[in-house]
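Here is how the chains run, residue by residue.
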Amino acid sequence: MSVLEVRNLSKRFGNLVAVRDISLSVASGELRAVIGPNGAGKTTFFNLISGFLAPSAGSILFDGRDVIAVPPHRRVGLGMARTFQITEIFPELTVFENIRIVTEVAAGYRLRPWLSAAEKAEVRRRIEETLPLAALSGKADRLVGELAHGDQRAAEIAMALALKPRLLLLDEPTAGMGDQETYEITQLIRRLHQDRKLTIVLIEHDMRVVFHLADRITVLDQGSFLAEGTPQEIAANEAVQTAYLGQAA
Amino acid sequence: MLQLIFFNVTNGLIIGAFYALMAIGLSLILNLSGVINFAHGGFLVIGGYLAYALTPRLGFWGALIVAPFLTALIGFAVERLLIRRLYGRDPLYSLLLTFGLAFIIEDGTRQIWGANGLPFSVPAALTSPLSYQFFFITGYRMFMVAMVAVVVALLFVLLRYTRIGVRIRAGTLDLETVAALGVNVRALRSLNFAVGIFLAGLAGVLAAGQIGLEPTMGDALLMPSFIAIIVGGVGSLTGTLLGGLLIGVASGLTAVIFPSASEAVIYVMMAIVLLVRPRGLLGEEGMLT
Amino acid sequence: MTAGEYRRVVVLAAIWAALIFAPYWMPVFGGYTALGSRVLVLGLGAMALNFLLGFTGVLSFGHAAWFGLGAYACGLTLKFIIPSTPLGLLAGTLVGGVAGALLGALLVRRRGVYFAMVTIAFGQVFYYIAFQWSSVTGGDDGLRGFARQPLDFSLFQIDLLHSDLAFYYFVLVCFAVVVAVMALILRSPFGRTMIAIRENERRARFLGIPIELHIWIAFTLSCFFMAFAGGLYALLNNFADPRVLHYSLSGDFVIMAVMGGMRMFWGPLLGAVVFVVLQDYLSSLTVNWMSFIGVLIVLIVLFFPRGILGLIRQRRTA
Numbered sequence: 071m072s073v074l075e076v077r078n079l080s081k082r083f084g085n086l087v088a089v090r091d092i093s094l095s096v097a098s099g100e101l102r103a104v105i106g107p108n109g110a111g112k113t114t115f116f117n118l119i120s121g122f123l124a125p126s127a128g129s130i131l132f133d134g135r136d137v138i139a140v141p142p143h144r145r146v147g148l149g150m151a152r153t154f155q156i157t158e159i160f161p162e163l164t165v166f167e168n169i170r171i172v173t174e175v176a177a178g179y180r181l182r183p184w185l186s187a188a189e190k191a192e193v194r195r196r197i198e199e200t201l202p203l204a205a206l207s208g209k210a211d212r213l214v215g216e217l218a219h220g221d222q223r224a225a226e227i228a229m230a231l232a233l234k235p236r237l238l239l240l241d242e243p244t245a246g247m248g249d250q251e252t253y254e255i256t257q258l259i260r261r262l263h264q265d266r267k268l269t270i271v272l273i274e275h276d277m278r279v280v281f282h283l284a285d286r287i288t289v290l291d292q293g294s295f296l297a298e299g300t301p302q303e304i305a306a307n308e309a310v311q312t313a314y315l316g317q318a319a
Numbered sequence: 015m016l017q018l019i020f021f022n023v024t025n026g027l028i029i030g031a032f033y034a035l036m037a038i039g040l041s042l043i044l045n046l047s048g049v050i051n052f053a054h055g056g057f058l059v060i061g062g063y064l065a066y067a068l069t070p071r072l073g074f075w076g077a078l079i080v081a082p083f084l085t086a087l088i089g090f091a092v093e094r095l096l097i098r099r100l101y102g103r104d105p106l107y108s109l110l111l112t113f114g115l116a117f118i119i120e121d122g123t124r125q126i127w128g129a130n131g132l133p134f135s136v137p138a139a140l141t142s143p144l145s146y147q148f149f150f151i152t153g154y155r156m157f158m159v160a161m162v163a164v165v166v167a168l169l170f171v172l173l174r175y176t177r178i179g180v181r182i183r184a185g186t187l188d189l190e191t192v193a194a195l196g197v198n199v200r201a202l203r204s205l206n207f208a209v210g211i212f213l214a215g216l217a218g219v220l221a222a223g224q225i226g227l228e229p230t231m232g233d234a235l236l237m238p239s240f241i242a243i244i245v246g247g248v249g250s251l252t253g254t255l256l257g258g259l260l261i262g263v264a265s266g267l268t269a270v271i272f273p274s275a276s277e278a279v280i281y282v283m284m285a286i287v288l289l290v291r292p293r294g295l296l297g298e299e300g301m302l303t
Numbered sequence: 002m003t004a005g006e007y008r009r010v011v012v013l014a015a016i017w018a019a020l021i022f023a024p025y026w027m028p029v030f031g032g033y034t035a036l037g038s039r040v041l042v043l044g045l046g047a048m049a050l051n052f053l054l055g056f057t058g059v060l061s062f063g064h065a066a067w068f069g070l071g072a073y074a075c076g077l078t079l080k081f082i083i084p085s086t087p088l089g090l091l092a093g094t095l096v097g098g099v100a101g102a103l104l105g106a107l108l109v110r111r112r113g114v115y116f117a118m119v120t121i122a123f124g125q126v127f128y129y130i131a132f133q134w135s136s137v138t139g140g141d142d143g144l145r146g147f148a149r150q151p152l153d154f155s156l157f158q159i160d161l162l163h164s165d166l167a168f169y170y171f172v173l174v175c176f177a178v179v180v181a182v183m184a185l186i187l188r189s190p191f192g193r194t195m196i197a198i199r200e201n202e203r204r205a206r207f208l209g210i211p212i213e214l215h216i217w218i219a220f221t222l223s224c225f226f227m228a229f230a231g232g233l234y235a236l237l238n239n240f241a242d243p244r245v246l247h248y249s250l251s252g253d254f255v256i257m258a259v260m261g262g263m264r265m266f267w268g269p270l271l272g273a274v275v276f277v278v279l280q281d282y283l284s285s286l287t288v289n290w291m292s293f294i295g296v297l298i299v300l301i302v303l304f305f306p307r308g309i310l311g312l313i314r315q316r317r318t319a
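Chains as they are written, first to last, in our numbering: chain A, 71 to 319; chain B, 15 to 303; chain C, 2 to 319.
If we strip away everything but chain A, and leave its shape as in the complex, we get (with noise of 0.2 Å):
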C-alpha cells in the first residue's frame, strides 16, 4: 500500500504554472528522489506535499486519506515530517534539548505545566533512541548553534525523526557540504531507510547521492512529469539527459 499517493497535482501562480498535473505514489519502506534541473519546480512540488502551498488542483493522500485542506503543522500530526533547506533548528538550545522540545510536542504534552516522573522517563528514552539516529550521542550537549553545519543537518533531521513520522520529507538534505559532510548525510539516510524502514522523499542535486540512495527517481522538468523510474532506468533514459544537458549547454 502506498503511503504518499499524489494525483494529477498542479500548482499556477498568476500566469506562470510552477507544477502541471503530477501524480506519484511512494510505497510503503521506499525511498524516492525527486530530481529535475533548475526551476523544475520541485520545492513548490515539496512544499505542496507538506501543506506550505495550498495547490491549484489536484490531490494529495497520506495513507489513503486526502490531506490538501490539512494546514502543514497538522500534517506533522498524522506523521509527516520535513526538514528545510535552509537548516531550521532552535541555535541557543542544545541537541538534547531540541530534540527533547520536539518529543514532548509529540507526545502531547505541549501544555503540560509538569510531568511525572514515568513521563519524564519516557522522554528520556525516547531521546536516547532518537540520539544515535543521526549519530549525535558524543553531542547531545552542545549547544546546536555552535555545531558543524553537517552536525545541524543531522540535528534537524533528527527533530523530525523524534516526531516519529510515517513518511519523512527531505529538502535537499547535503544543500551546502562538503565531500565528507555529504558522505556522512548520505550514510544516515541509507541507515534510516534500511534499517529503519522508514518512508522517505527527497529533493537532491547531488546526483551521486540520489543514484547511491533511491528505490526510485522521480525527474520533473519545467513544473511537468518527465520519467520515473529507477536510477538504472533514469541514467539510461533519453528524455532526462537531454533536460540535464540541455541546462548544462
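These are computed hints drawn from the structure, not numbers from a lab. Because the structure is a prediction, the values reported are computed rather than measured.
Label-pair ranges, simulated between beta-carbon atoms:
(1) I313(C) with G208(A): 27 to 33 Å
(2) T287(C) with S274(B): 34 to 40 Å
(3) R244(C) with A160(B): 35 to 41 Å
Some chain B residues well away from chain C (every beta-carbon gap over 10 Å; in silico):
(4) L18
(5) G76
(6) I79
(7) V166
(8) A167
(9) V171
(10) L173
(11) A194
(12) R200
(13) L295
(14) L296
For glycine and all other residues, C-beta sits at the position ideal for the given N, C-alpha and C.
For this one, chain A is given, so just place chains B and C on it according to the hints.
Same frame as chain A, but now just chains B and C:
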C-alpha cells in the same frame, strides 16, 4: 449647541492635523528603519526651543524655517552616530536607545532653558480671531492647519515624484530588493530619518506658538501619534494622515458630550480598529508581522 | 554532580543567602531595609516582564499597565472593601492578570515593533483612567488612605506596617513563591515551547505548536506575575499614583531586564539591583539624574546588549 459641535469638530481637526504631522514623521522612520522613535517628542521639544532661541535674531518667520532644519540636522547626526548601529538587531534595542535619548533631551532642555514654561510669541497678525462669530478660530490656528497641509502635501508629492521619494516608498515595501538594485540604503535611511525629525521640529515650532514651551510638551503628543499610526494602518502614510485626523475629530466630538473622556476615546478607537480591522484602516496585510 | 550543576547550586545558595541576610549586610554599604524591599518588588516585576521578553522573545513595552493595575486594585481593596493584606494582593493579582489576559487576546497576532507599539499605547489607557477618575483613584495626587495590615495567623499577628524588617521578609517570601512558580513553568514542557518560539518561530509552528495560543498564555502568566508585584508595590508605599501605570515605568522594567541579562533567569533581578540603587543614589546626588540614566541606557544598548550576566557568561566560555 450646533456652534459648540462646530467648535469642537474644528478644534478636533486642528489637533488631528497636528497629531498627523507628528505621526507621519514617526511613520516614515518606522516604515523604512523599523525603529519606533520614542525620542520623537523630544525632537519636537528641540524644535520648539530652537525657535525660541532663534526668534530674537531671525524673527518668527525665520525661526519657523530654520529651527526645523536645525532639528533635522541633529536628527541626522543621531541617526549616523547611534541609531545606525542598531539596524538588523532586535527592535528592542532601538526602542530602548530612543527611550534613553528622550530622557537626555528632556533633562538637557531643562538644564539649558529651565524647568518652567516659557512663552513663545507669534506675530500679532496671526493671533486675532478671524471673525466675531467664529471667535475660537484664531488666525494662528488656521495658519497651523495650513502649514501642516502644505508640508504634508509637499511630502507626498516628493515621495511620489522624486527619485529618492520613490526609493523610500519602495524600501518600505521591500528593502532587500531596493538594496539589490544598487540603492545606498544606509544613506537613504539617514535622509529619511532626518525628514521624519524635520516634521517633529516643525511640529515643535507650531506647538510652541499655540501652547508655549515646556520640557515635557512632547509627551502628550507622542501617544496620540502612535495611535494615529495603529488606527491608520502600519506601513501606510496616507493611513497615518487619516488616522491622525480621525482621532483628532473623535476626541473633539467627545469633548462636547463627555469632556473627561476626550483623551480616552482615542484608545477606544484603537481597540475597535484592532478588533474589527486588525491591520488598521489602510494597512497592508503583509505589514502585520 | 557535574561541574555545571555544582556551580548552579553554589550560585543559587549565594543568591538566596544574600537576599535572606540583606537587611544585615546592606547598611554596611549605605543601604536600608525599605530600599531592599523596593529592589525585590521591582526586581520581581522585571523578572515577570522577562518571563515574556527573555523566554518567549515577545517585546511588551507596556507592562507597567499590569503592574499599576495590580497596585491600584490592591490599594482600592484595602481602602474600600476589606482591610486585609493577603486579600488586597489577591485582588491586585486578579484584576491586573485578567485585564492582561483580555487585552492579550487582542494583541497576540502582532509581532516585533508593532506588538511593542500596541502594548505601549494600550498601557497608557489605564494611566489616563487613573489620572482622570479622581473620585476613586485620587487622580494625579495618587491613591492614599490605605495601609498594609498585620498578617493574622489567629495564634499570633505579624505587624507589617511599623516594622520594615517584617515587611522585607514578607516580600521575600512572596518573591520566593512567585519566582519558584516561574522557574517551574520554564522547566516544564510548556516553558520549553516558549523558548522554542523565541528561538525559531517558524520551526515551532511547523512542529504543530499553535504559536498564538502559547504566546497568549505566556503573556497572561506574565501579566499575573506583574500584577502581583504591583500589589506588593502598593503595600510597600501605602500609596499608588498614576506613574505606576506610565510607559516610563514599562521602559524601566525593560532596562532592568536588558541590563541584568534577559536570557538569564536571574538577570532582571541583578538589573533591578543596579538600576534602583543607582537611581536612588543619583537622584540624591544631582538634579540631572535623568540624563545619567539616559546615557546609561544608551551605553548599555550600544556596548552591553547582553547585559551584565551575559557578559560574565561570555567571559567564561571564551
